[in-house]
Amino acid sequence: MFDEADENYDPVLIESIIDFDPNTMCVEQESSDIIDTLRGWLSDSVPSHIDIDSIDSFSDHSEIFSFEIPLNRKEWLVEDLASKRQRSPRLFEFLVLLLGKPQYKSYASFIDKAKGVFQIYQPEKVAELWQSVKSRQSNQRMTYDKFARAIRWYYKSNIMQKTNTRYTFQFSSKTLKNYFVDENNNTKLSLKS
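Its first residue numbered 1, the sequence shown is counted upward by one per residue in full-length UniProt numbering.
Don't read these hints as lab results, they were simulated from the structure. Treat the hints with care, as some may be off.
Stated by the list, open to error - With a straight-line cut-off of 30 Å between C-alpha atoms, the simulated BS3-like cross-links for lysine-lysine are: (1) K105 with K156; (2) K134 with K74; (3) K84 with K74; (4) K162 with K125; (5) K105 with K125; (6) K177 with K115; (7) K156 with K174.
Please work from the sequences and hints to get the whole structure.
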């Protein structure tokens, strides 16, 4: 039924599972058979340290479905208002930039943008990205625990607020009101009072 020369050919769609018609698409097998087929396909592409048969929920194993996003350090630089020079971002500026970049939606995203509440989905990758963006010359690896501890320092200065939920953070109303990072990565004070 499938021909590689056909524009609708997809190697994932196996002839015995799905009958593909441009107007309709119907499943010819039981869903458990499809899951078994997909499980077999995944076992070839999943890292060997993960046991496919023990996976109940793929949301707990984001490393299976993630890929490396090439890092361009220049896209993370911000302009300092006082000196007018490009510099590495502060941690809260990094978070604002991260949340504003669509290619990093799998790392973190806003839950409630109006309130400044966001969740980190891949904490270790965010910590590694922060280490790379900050250009830290250290032999020690940045872990999520160290990263989260650094965020908690912002509670005292009222840049961040406590959420008491794991991997969930919130910018304070002061931060939302006074700071923003524009499309050119310039950190500016808002003109609103």
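Below or equal to 30 Å on CA atoms is what counts here, so check K105 against K156. Holds, at about 28 Å.
Run the distance test for K177 versus K115: straight-line Cα separation, threshold 30 Å. holds, 11 Å
Taking 30 Å as the top limit, are the C-alpha atoms of K105 and K125 close enough? Holds: K105 and K125 sit about 12 Å apart, inside 30 Å.
Within a Cα-Cα threshold of 30 Å, do K84 and K74 meet the stated pairing? Within the cut-off at roughly 15 Å; holds.
Would you check the hint for K134 and K74, treating anything up to 30 Å between C-alpha atoms as holding? Holds, at roughly 11 Å.
CA of K162 to CA of K125, is that 30 Å or under? Within the cut-off at roughly 22 Å; holds.
Hinted pair, alpha-carbon criterion (30 Å max): K156, K174. Please report holds or violated. holds, 13 Å
Checked against the numbered hints above, the structure breaks none of them.
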